[in-house]
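Below, each chain spelled out in residue letters.
4 protein chains.
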Amino acid sequence: MRYADTDQMGIVYNGVYFVYFEIGRTELLRECGLPYAEIERQGLMLPVLESHAVYKSPALYDDLLEIHTTFENVVKPTIRLDYKVFKNDVFVSEGYTIHSFLKAETRRPVRPPRIFHETIASYIEAKRSQ
Amino acid sequence: MRYADTDQMGIVYNGVYFVYFEIGRTELLRECGLPYAEIERQGLMLPVLESHAVYKSPALYDDLLEIHTTFENVVKPTIRLDYKVFKNDVFVSEGYTIHSFLKAETRRPVRPPRIFHETIASYIEAKRSQ
Amino acid sequence: MRYADTDQMGIVYNGVYFVYFEIGRTELLRECGLPYAEIERQGLMLPVLESHAVYKSPALYDDLLEIHTTFENVVKPTIRLDYKVFKNDVFVSEGYTIHSFLKAETRRPVRPPRIFHETIASYIEAKRSQ
Amino acid sequence: MRYADTDQMGIVYNGVYFVYFEIGRTELLRECGLPYAEIERQGLMLPVLESHAVYKSPALYDDLLEIHTTFENVVKPTIRLDYKVFKNDVFVSEGYTIHSFLKAETRRPVRPPRIFHETIASYIEAKRSQ
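Top to bottom, those sequences are chains A, B, C and D. The first sequence lines up with residues -2 to 127 when you count with my numbering. The second sequence lines up with residues -2 to 127 when you count with my numbering. The third sequence lines up with residues -2 to 127 when you count with my numbering. The fourth sequence lines up with residues -2 to 127 when you count with my numbering.
Here chain A stands alone, though its shape is the one from the complex (with noise of 0.2 Å):
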């Protein structure tokens, strides 16, 4: 990865994984049709409730890294999606975040609008299926 992601241990920063998550949220949502700047654009926002990261084994400079983004498709009021990032084969690291959605203008949660739930679970399926 980038240079200025590392730090003085030569190795990939604790923190910047979880932008690492953010990229696969964001690939996620683009493939399955529901880019995460046309959400905001209708209005909405999804915020990170809690996030978890646990390190398997150091990612270092210019690594090419993976991330696989997959989907807790469970009806209620947050979202969580988990991740697992590899380089080659070896298992450098996973977690997941949880979210809620909230409104943009008055800054309220409000319920996850069915397609959301509806689109990246068929799209998770047909993938599976492949």
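Just so you know, these hints were derived from the structure itself, not from any lab. Hints are not guaranteed to be accurate.
When chains are identical, the list treats them as one kind, so a pair holds in a single copy or across two.
[What the hints assert, rightly or not] Straight-line alpha carbon distances no greater than 30 Å define the calculated BS3-like cross-link-like pairs of lysine-lysine that follow:
hint, residue 1, residue 2
1, Lys53, Lys81
2, Lys73, Lys124
3, Lys84, Lys100
4, Lys53, Lys100
5, Lys100, Lys73
6, Lys124, Lys81
Chain A is fixed; fit chains B, C and D onto it per the hints.
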């Protein structure tokens, strides 16, 4: 906090809290008389094995935050630090990090030096009884 | 400075200095009685048009840095701030940023409010004559 | 670009462009067959002595940016790279960085290895004549 720490929701970006936790950790170690820079000079490193944050209330640009760091005094190969972040009386975030001790030269785990546990424990004990 | 600010050369990453300049800017504005958060509340923004840094001596983890910010008091549509960063007596970095004033609503440039120039100028004048 | 790169103006934070320049630099070196990771493995470092950016048009979250990096082929102790950042046809930013070569072991400046100048120059020449 810094403008650089905010994102376009107008709040501090979720990954930045792990930098705040680092600041809390650094301060605790310095106050105990075990500054992290000194730990590294002695050939040890304290990489993060696991990190967790819960976001209670958003922090905004220019907010003055206070970070309370505590130490779990259990003798085991890893150490755990807990953080609570406040903005005046508002509870902004809490979280923890779990660290191992590595020998910098070999990057292999070593037992936390006894002095480490003792110093932090007696510091926290002293503070509690104030 | 923060561990997060370092890179694998073991020094503060070049891009991080622009965050230090931001800190210097924020402090200057606050001391003048014109905190940036207040400028934004009045519907104005101060985006950066140009930025420059010269790196004289590396800053390391846990270094205590001092940032001296000065203001170029010339009446024109943009404003320029100059920064010098020191570590004790060691000259670490210098640089500048040039900003325009934008009306937040329209994102169009406006003249710097007169009070802005006057307040900073008289603050710096007062400091110089101390 | 990444959500983490934005600030509360809703645009990419000024200091982040120096990370984009790093990405451009990394890509140029890799394409020339001189990846920066390899340069470090050979015991050299390329710290930044000076950096400059001009912001023409804001980059937003999720914008796809293209970074064009060029190399000033003048034989002297420092090297200069120039960057232009585009979003489709919109000119977003331009800037430059000046680097010295250091021997990692001693942290003392050394002349850029001749192969360095020759390789980049012939790569850029080859590209130009395409």
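Outcome of the hint check:
| no. | hint | in the structure |
| --- | --- | --- |
| 1 | Lys53 x Lys81 | both (10 Å within a copy, 25 Å between copies) |
| 2 | Lys73 x Lys124 | within (23 Å within a copy, 42 Å between copies) |
| 3 | Lys84 x Lys100 | between (37 Å within a copy, 24 Å between copies) |
| 4 | Lys53 x Lys100 | between (36 Å within a copy, 17 Å between copies) |
| 5 | Lys100 x Lys73 | within (17 Å within a copy, 41 Å between copies) |
| 6 | Lys124 x Lys81 | within (16 Å within a copy, 38 Å between copies) |
The structure meets every hint from the earlier list without exception.
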